[in-house]
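Protein chains: 2
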Amino acid sequence: MNSNNSLKHELLKKIEKNDVKICVLGLGYVGLPLAVAFAKKGIKVLGFDVDQNKVAKVNDGDCYIRDIDPEAFRGVVQKGNLSATSDRKALGSCDAFFICVPTPLDKFKKPDMRYIEQAAIDIGKTMKQGVFISLESTTYPTTTETFLKPILEKESGYKEGFDFFLCFSPERVDPGNKQYNTENTPKVVGPLGKEAEEIARSLYGKIVQSLHFVSSPRAAEMVKILENTYRLVNISLINELALLSGKMDINIWEVIEAAKTKPFGFQAFYPGPGIGGHCIPLDPFYLEYIAKGFNFDLSMIEAAGRINNLQPYRMMNKISYALNRYSKPLRGSTILFLGIAYKPDIDDARESPALQVMHEVEKKGAKVLYYDPYIPEVIDDYGREWKSVELNDQLLKKVDCVVFTTNHSCFDVDHIVNTAQLVVDLRNAVKQVHIEDDKVFKL
Amino acid sequence: MNSNNSLKHELLKKIEKNDVKICVLGLGYVGLPLAVAFAKKGIKVLGFDVDQNKVAKVNDGDCYIRDIDPEAFRGVVQKGNLSATSDRKALGSCDAFFICVPTPLDKFKKPDMRYIEQAAIDIGKTMKQGVFISLESTTYPTTTETFLKPILEKESGYKEGFDFFLCFSPERVDPGNKQYNTENTPKVVGPLGKEAEEIARSLYGKIVQSLHFVSSPRAAEMVKILENTYRLVNISLINELALLSGKMDINIWEVIEAAKTKPFGFQAFYPGPGIGGHCIPLDPFYLEYIAKGFNFDLSMIEAAGRINNLQPYRMMNKISYALNRYSKPLRGSTILFLGIAYKPDIDDARESPALQVMHEVEKKGAKVLYYDPYIPEVIDDYGREWKSVELNDQLLKKVDCVVFTTNHSCFDVDHIVNTAQLVVDLRNAVKQVHIEDDKVFKL
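Protein sequence lines correspond, in order, to chains H and Z. First residue of the first sequence: 1, per this note's numbering; consecutive thereafter. First residue of the second sequence: 1, per this note's numbering; consecutive thereafter.
Take these hints with a grain of salt, some might be off.
On the chain H side, residues computed to face chain Z include the following (Cβ under 10 Å) [unchecked claim]: (1) Ala220; (2) Ile225; (3) Tyr230; (4) Ile238; (5) Lys247; (6) Pro263; (7) Ile290.
Simulated restraints, written as ranges between beta carbons of each label pair [unchecked claim]: (8) Z:Asn392 to H:Phe162: 47 to 55 Å; (9) H:Lys364 to Z:Lys364: 51 to 59 Å; (10) H:Tyr321 to Z:Asp106: 31 to 39 Å; (11) H:Asp297 to Z:Lys364: 22 to 30 Å; (12) H:Asn295 to Z:Asp106: 29 to 37 Å.
It should be emphasised that the hints constitute simulated quantities derived from the structure, not laboratory data. C-beta: ideal position from N, C-alpha, C; glycine also.
Working from the sequences, and respecting the hints, build out all of it.
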């Protein structure tokens, strides 16, 4: 017990003196902002990523995440507070590790734990005694205690709680959010034991204004899943109600705006072509995965999953029926999709529902084009490479149908509607149309 | 067109001069506060109810709804601004009608429209030309246009939009809410036509600070359903996650408190023994009913319904397993339920999940008692009459199990836990226990 106490004190002293060396594993939407937040406080941060392209960009001071201020980024790199590497051996010199690697689902909606596993092996093989490790990647509850900890202990020969300190702290990065960032978003931390809690408080306290501790890593893991399951379930609900409302000649967006006037007990969600991004379509299914191990079915998540699985086909039907009004089939028609990011004003097309609709429409024989000012090119889940076209009036006039899939605020909706032959509006871009008119068909 | 314009102006003039005579049909949780709100503005209000007991109480100045200030109530009755009747013929003298009657579901979860139908017949048979009628009862979208309007037209021989004016405006009464009442809760109004909109604006404007108009009654009907479907779905989700969390040794309330620290995109709901009250367990099923007519299945509502249907049995299992720990069966054990109101600090046990659990536990042969300081007696859906016992230490010590079903703030939880043999806590009343200990078993 003396040993872990003195190791803890040694680390706390380093943190206090800003003399702690931090390693962030995974330099994506979560890891890079976290690395920059520490580096801005004058702390030495080593970013680790297997993607040599990202590593080179970081070392060049070339910021590739939109939500990070590029000036601040260049500053911390030039000062030598932030550098990046793909060399696993470099990890050995670090005092604290933040694992921010992806946790995708495989095709069968099973969690793909290889990135966490590899990060754990890389840390375990090289780490010195007395380090602090925080997992930030969203994953199923119990991962930190039953998956990460055993690998770390096996690879290092050290013992958690004695030789190293472990916690789970979910990332809450919301790309494109202008108000909330790493610093001012309260952070939930689930430490294993009192020592981990003390270190986490000291270390995260450097960069986050408000910390909220829970009693275990698995409670913290569940927090993140609850937050995103809440969103999945509510978006699915409103997507389902939107379809019914259309049939009943009710404008669902008008209904949502009115419901929002209730000053208690309501939060608005909006319908769209499906659910995108790297959290909401995935996180609830981590829980579903672990629940099966407890012989437990999560019927709300399953129902939401069914709605989402059908959503691209339903959107294709919308397009098909709009064309049908003018006696055109999908096959041979040219369809232009406007916006493929998964939400407005961001440059991220991961799990974007637009890509899924485009895939289905193309399979039916349509000629598919897209325009997104923030995403010049993208490769979809089927390996198909897409390139954004140039948007001009000639094109808008020529295509058989224009589809609003993302409501980027830069779109000149009125001009697009006036110029195009036919518009399918999956995002309530065209406010003045109730459900449909001769030209515009709403979700 | 001249006729309806002059009828409208006549009514608007009466409203302006506070000389309008209002009739509120249904003197319950919705109708009585509405009637009092108008009467407080010096407007003559006639309350109509078939329940002669309620009529007598109103005329005696005896307020039976907890959220209404009894002094203000007596005041408006004494001034002659509020009176009540069961005499249908009295309706004929009124200028504006507010239908606030119940819309229950029958045993097969089909809407029971008899109260709206009877109100429509009563108004239609007696009304003069130029009246305004607002339906406030929650019901399925299209009710006002396709159910209420035809009855009114048939019974009166008048034509909507010409001889009378119609709208739907959902009630948003939240019993026990200290902050929001009829006056300061924004009100959604879905009028049929411009004349109805003008009159509704003038009339509701007398008593409500903020009005929000939508384009049709059916949009307004959908608003109310959306608000309560949102609640049903989210309570069902958290009830399901609570059961899984218990199995995973995760305290769901700790998780919810932590998730609440997210400053965007999350709203907290809490688990409990089920869903109660006169809105949330019912409203979504109106929508399900009408959706079937459009060949549309609402899978989120169905999944939520399944969870709720099972919830009383799951709660009984909790009690049964807690007793089992001490080798006691349900049969022959005495179970004391604390709180049967459907939410804390109110006196309403309608659709209360506590009653459903009590029913199931009694069926299994347990001796069932309840204590609720606000509900001295109640008749459950099976016709069984229940009377609250007196709570004392002798009783707490004697019973085999105490069950927290409603967390009234007046309960001395620590004392109850210390005194009782065994506690099943379905409401997180006992904060210091994680999932369970020797005496306390949490949901």
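Is the hint on H:Lys247 kept, meaning its closest Cβ partner in chain Z is under 10 Å away? H:Lys247 check passes; min Cβ-Cβ to chain Z is 5 Å, inside 10 Å.
Grab the minimum C-beta distance from H:Ile290 to chain Z and call the hint holds if it beats 10 Å, violated otherwise. holds (8 Å)
Cβ-Cβ distance between Z:Asn392 and H:Phe162: within 47 to 55 Å? holds (52 Å)
Verify the CB-CB distance for H:Tyr321 and Z:Asp106 against the hinted window 31 to 39 Å. holds (37 Å)
Evaluation of the interface hint that places H:Ile225 against chain Z, nearest CB under 10 Å: holds (8 Å)
Is the distance from the Cβ of H:Lys364 to the Cβ of Z:Lys364 consistent with 51 to 59 Å? Between H:Lys364 and Z:Lys364, where Cβ atoms are some 57 Å apart, the hint holds.
Within 22 to 30 Å or not, the Cβ separation of H:Asp297 and Z:Lys364? Since H:Asp297 and Z:Lys364 have Cβ atoms about 25 Å apart, the given range 22 to 30 Å holds.
Could you say whether the range 29 to 37 Å given as a hint is met by the Cβ separation of H:Asn295 and Z:Asp106? holds (35 Å)
Restraint check, 10 Å cut-off on beta carbons, for H:Tyr230 near chain Z: holds (6 Å)
Let me know if the C-beta of H:Ala220 comes in closer than 10 Å to any C-beta of chain Z, holds or violated. holds (7 Å)
Minimum beta-carbon distance criterion (10 Å), H:Ile238 to chain Z: Holds, about 8 Å.
Should the hint that H:Pro263 touches chain Z count as held when the rule is a Cβ pair under 10 Å? At about 6 Å, which falls below the 10 Å cut-off, the nearest Cβ of chain Z leaves the hint on H:Pro263 intact, so it holds.
In the structure shown, no violation is registered for any of the earlier numbered hints.
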